[in-house]
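Residue 131 in UniProt numbering sits at position 131 of the sequence shown; the count goes up by one each step and never skips.
Certain hints may be false.
[Stated by the list, open to error] The calculated BS3-like cross-link candidates involving lysine-lysine, where the alpha carbons are at most 25 Å apart (straight line), are:
no.	residue 1	residue 2
1	107	66
2	162	94
3	107	94
4	162	107
5	95	162
6	51	66
7	107	60
8	50	107
9	51	94
10	60	94
11	60	95
12	60	50
13	66	95
14	107	95
15	66	94
16	95	51
17	50	94
18	50	95
What the hints contain is simulated information worked out from the structure, not anything from laboratory work. Just so you know, these numbers come straight off a predicted model, no measurement behind them.
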Amino acid sequence: MAEEAEARSNEVFSVGDFPTAIRHFSEAINQPPTNHVLYSNRSAAYVSIKKYSEALTDAKKTVELKPDWSKGYRRLDAAHLGLAHYDDAVSAYKKGLEYDPNNEALKSGLADAQASDSRSRAGPPLPENNLFGDALSGPEMWAKLTADPSTGAYLQQPDFVKMMQTERRRETNEGEEREKTN
1 MAEEAEARSN EVFSVGDFPT AIRHFSEAIN QPPTNHVLYS NRSAAYVSIK KYSEALTDAK
61 KTVELKPDWS KGYRRLDAAH LGLAHYDDAV SAYKKGLEYD PNNEALKSGL ADAQASDSRS
121 RAGPPLPENN LFGDALSGPE MWAKLTADPS TGAYLQQPDF VKMMQTERRR ETNEGEEREK
181 TN
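Model the full structure from these sequences, guided by the hints.
This is the structure:
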């Protein structure tokens, strides 16, 4: 029965029906409540609908059940970033890297969380002058990309992460140049 609920939840998650996925994940978790993957997937579904507190609760349960699973820390990070708990996100990324030091998604996420933490301490953000605004550098976007099964795999590929970082830098530089000329 838990397997059926998990299969249904994965099916509706993949088409973006996150509230239904959450309901099915909850059914599966209750029989038995020890499957770390179910908590992880429900956490991702909560992030997708911006219910970060609920996502955080499930992410914490994920790493409690399976502390050596780096994906659990990515879920924890996504929830912390969504809640703008940047210092907690930095700590979680570092903990995940202890278990999986070559994980490109964790490395990239750590850099983004550190940058977000620095920006949050620096005061209000400057006006957005680049084409994508903060879309490629905002912690919410990285949390969504990491949590989404269709994009999370890309963040495991070093060449993709490098391309995204290069694009973010290019957009930032172009925005700064436009600001100077205005």
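Status of each hint after checking the structure:
1. Proposed proximity of residue 107 and residue 66 is supported: the alpha carbons are some 20 Å apart, at most 25 Å.
2. At most 25 Å may separate the alpha-carbon atoms for a hinted pair to count; residue 162 and residue 94 meet this at roughly 20 Å.
3. Restraint check for residue 107 and residue 94: satisfied, since their Cα atoms lie roughly 9 Å apart, inside the 25 Å limit.
4. Between residue 162 and residue 107 the CA atoms are separated by roughly 11 Å; this keeps the pair inside 25 Å, and the hint holds.
5. Only pairs whose Cα atoms come within 25 Å are accepted, and residue 95 paired with residue 162 is accepted, the gap being roughly 22 Å.
6. About 23 Å separates the Cα atoms of residue 51 and residue 66, which keeps this hinted pair within 25 Å; it holds.
7. For the suggested pair residue 107 and residue 60, the alpha carbons sit about 20 Å apart, so the restraint of at most 25 Å is met.
8. In summary, the hint linking residue 50 to residue 107 is supported, as the alpha carbons are separated by about 23 Å, within the 25 Å threshold.
9. Taking the CA atoms of residue 51 and residue 94, the gap is about 24 Å. The hint holds against a cut of 25 Å.
10. For the proposed pair residue 60 and residue 94, the alpha carbon gap of about 15 Å is at most 25 Å, so the pair holds.
11. For the given pair, residue 60 sits about 13 Å from residue 95 by alpha-carbon distance, which is consistent with the 25 Å threshold.
12. Straight-line distance between C-alpha atoms of residue 60 and residue 50 comes to about 17 Å, which keeps the hinted pair within the 25 Å bound.
13. Of the pairs offered as hints, the one joining residue 66 and residue 95 holds, with about 13 Å between alpha carbons and a cut-off of 25 Å not exceeded.
14. Proposed proximity of residue 107 and residue 95 is supported: the alpha carbons are some 11 Å apart, at most 25 Å.
15. With a C-alpha separation of about 16 Å, the suggested pair residue 66 and residue 94 falls inside the 25 Å cut-off, and the hint holds.
16. As the CA atoms of residue 95 and residue 51 are separated by approximately 23 Å, the hinted pair is consistent with the 25 Å bound.
17. With a C-alpha separation of about 24 Å, the suggested pairing of residue 50 with residue 94 holds against the 25 Å cut-off.
18. With a CA separation close to 24 Å, the supplied pair residue 50 and residue 95 stays within the 25 Å bound.
When the structure is compared with the earlier hints, no violation turns up for any of them.
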